[in-house]
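Colleague: Take a look at the letters that make up each chain.
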Amino acid sequence: MTKPFIHLEGVSKTYRSRRQEFLAVSDATMDIHEGELVSLVGPSGCGKTTLLKILAGLHDHDEGIVDIGGGDNPFEPGRDVGMVFQQSLLLKWRKIIDNVLLPAEILGLPMGESRERARDLLHMVGLDGFEQNYPYELSGGMQQRAAIARSLVHDPKLILMDEPFGALDALTREKMNLELLRIWTESKKTIIFVTHSIQEAVLLGSRCAVLTAGPARMADQFEIELDYPRTLDMKTHEKFGVYTRRIYKLLGME
Amino acid sequence: MNNISDSARKWALIILVHVIVVVAWHYFVVLGEVPLYVMPTPGQTIMSIFGEYNWLHNTMITTGEVFGGYALAVVVGVTLAVLFSWNATVSEFLMPLVVSLNMIPKVAMGPIFIVWFDYGLGPNIIIAFMISFLPILITTTRGLMEVEPELLDLVKSLKGSRWQIFTKIQLPGSLPYIFSGMKVAVVLAVAGAIVGEFIGSEEGLGYLMQQVQVDLDTPAMFMAVLLITLIGVSLYGIVILLERIFVKSDSRMENAA
Ligand SMILES: Nc1ncnc2c1ncn2[C@@H]1O[C@H](COP(=O)(O)OP(=O)(O)O)[C@@H](O)[C@H]1O
Ligand SMILES: [Mg+2]
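In order, the protein sequences belong to chains A and B. Going letter by letter, the first sequence gives residues 1 to 254 in the working numbering. Going letter by letter, the second sequence gives residues 1 to 257 in the working numbering.
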C-alpha cells in the first residue's frame, strides 16, 4: 500500500466563543489516496465545512493528525488548494476568463501561461466561447462550471468542493454530477466533495465518508465499488441501493 | 436596432415632458395674468440673463463651490470608508456616530458652519463638503464590507494578502455602492453651496438671489434657480458618465438617485 496523500487521524475541532464551546468535528480518521474522489456526506451542521476548512488550512484543528502530501507527492499549503462553493462567487465585473484567472493572479503565476491554461480549462468544463462573457450572462450551472475551472487554474493537487451543486435545480444538478465525473477523470485530481445528498455522494464518490451531528463525528467510511464510467441509471441498480441504505442507517433515517 | 429605437423613444419622452411643463408654465402665466413679480414666463426668465447682473461670474463661483465641495466629499468619504474597512474596531466605534450624524438635517447646520469657517468661497466649499460626504461614506463602507466570507476563504486558502483582497475584490465590488452614494451627494453639495451663499457670501448665485429679491426681480430669481439646477444636472451627468465607464451594467445599482 502506498503512503496516502492525505492522512487524518482522530482530528477534532471545537469552536470556542466567550460563552460556549461547540464541538464541530471529532473522530475524523481517514486516509485519502491521490486521485480519489471522496464524498463527505451528512446533515447540515455535522461539520463538513469545518473539515474542509481544516484541509484548506483556513482553520487549525485542536487534536489529531492532519498530514497532507506525504512522501513522493509534496503538498504546498496555501498553494495547492482549489475551492468550489455552493455559490459560484464569480466577480460580476470580471469576464469569465478573468474570473478563472483569479487564483493565478493571487499566486503571482506567469499570466501568459495561465491564460492559455484557463482557456483549456474552459474548454474542458464545456464553456468554449464564453471567455469574454460576464457571469450574469451565464446560467447557474454554467457559472458553477466556471467556478470549477477557476479551482483548477493554478494546477492545485487538492480540490475541495463544498456542496457545489446545492443551489442548482435537480436536472442541472444531475447533469453537473456527470460533468464532474468526467472532469475528475480528465484532470486526475484528488477531490473532496461535500454534499448532503446521499444519492450524489454515492454516485460520485470512489469513497464515501459519513458524518453525523450531535455530537459531530465521522461515523463510517467505505469504498463505493460501482463501475466507471458512472451513469445516472446506476441509481436504480441494486448495489447503489445497498450503499444509500447503509448511509441512511448511519444517519439514523431508516 | 431595437435598443436604438428604445433609447430614442426614452429621450423623446424625456424632452416631451419638459416641453409640456414649460408650455404649461407659459400659458399659466399669460392666461392667468400672473403679475411679473409673482411669476415670469419662461421667456421673461431667459431674457433676464441680459440684465445688469454678473451672471457668468456668479455662476462660476457657485460651480466652483459645488464641484470643489463635492470632490472633497468623494475623496474624504471614500478614504474614511477604506480606513473603516481596514479596522473593524474603529468602524464599530464610529459607524453608529456616522449614522446619527447623517440624521441631522445638515442644511440646518449652515449658520453654525458660517460661525466656524467665516464667509466666502472656501467656507462655502466646506459647507458643501460637510453636507454631502456622509452618504458617500456610508454607502462605500457598506460596499467594502459586503464581501462573501467564502470568497475571502478562497483568497486566504491561497495565502492572498489583504492588499490583494482590497484591490481585486473589495474595491471593485464597492464601486456600485460608491456611485449610488455619489449620486445622492450631488443634490446635497448643491444645497450646501447655496445655503452657504444665502447665509454669508458676497458672490455666487445664492448671493445674487438675495440681492435681486430685494428689488422683487422675480425673473432673475427664476433664472438663478435655473442656473443652480443646471450646475447640479451637469455634475450628475458627469457622475452618471463615470459610472457607465467604471461599473459593469449588471452590477449597477438603480435604487438611489
Ligand atoms: N465560526 C464558527 N463559530 C462557531 N460555531 C461555528 C462556526 N462555524 C461553524 N460553526 C458550527 O459548527 C457546526 C458545524 O458547522 P459546519 O462545519 O458549517 O457544518 P456543515 O458544513 O456540515 O453544515 C455548526 O453547528 C455550526 O453552527
Ligand atoms: Mg456547510
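Careful, some of the hints might be misleading.
[Said to hold, decoys possible] Computed spacing ranges between beta-carbons, pair by pair:
| # | chain 1 | residue 1 | chain 2 | residue 2 | range |
| --- | --- | --- | --- | --- | --- |
| 1 | B | P149 | A | E21 | 17 to 23 Å |
| 2 | B | L101 | A | S17 | 16 to 22 Å |
| 3 | B | L101 | A | T14 | 38 to 44 Å |
| 4 | A | L23 | B | R162 | 41 to 47 Å |
| 5 | B | H57 | A | G112 | 55 to 61 Å |
| 6 | A | E9 | B | N87 | 36 to 42 Å |
| 7 | B | V107 | A | G166 | 48 to 54 Å |
[As the list claims (entries may be wrong)] Cut-off 27 Å, straight-line C-alpha distance, at most; resulting in silico cross-link-like pairs (DSS-like, lysine-lysine):
| # | chain 1 | residue 1 | chain 2 | residue 2 |
| --- | --- | --- | --- | --- |
| 8 | B | K168 | A | K92 |
| 9 | A | K157 | B | K168 |
| 10 | A | K95 | A | K189 |
| 11 | A | K92 | B | K159 |
| 12 | A | K95 | A | K157 |
Honestly, the hints are just simulated from the structure, not real lab data. C-beta: ideal position from N, C-alpha, C; glycine also.
Colleague: For a quick check of understanding: which of the numbered hints are violated here, in increasing order?
Modeller: Failing hints, ascending: 2 and 4.
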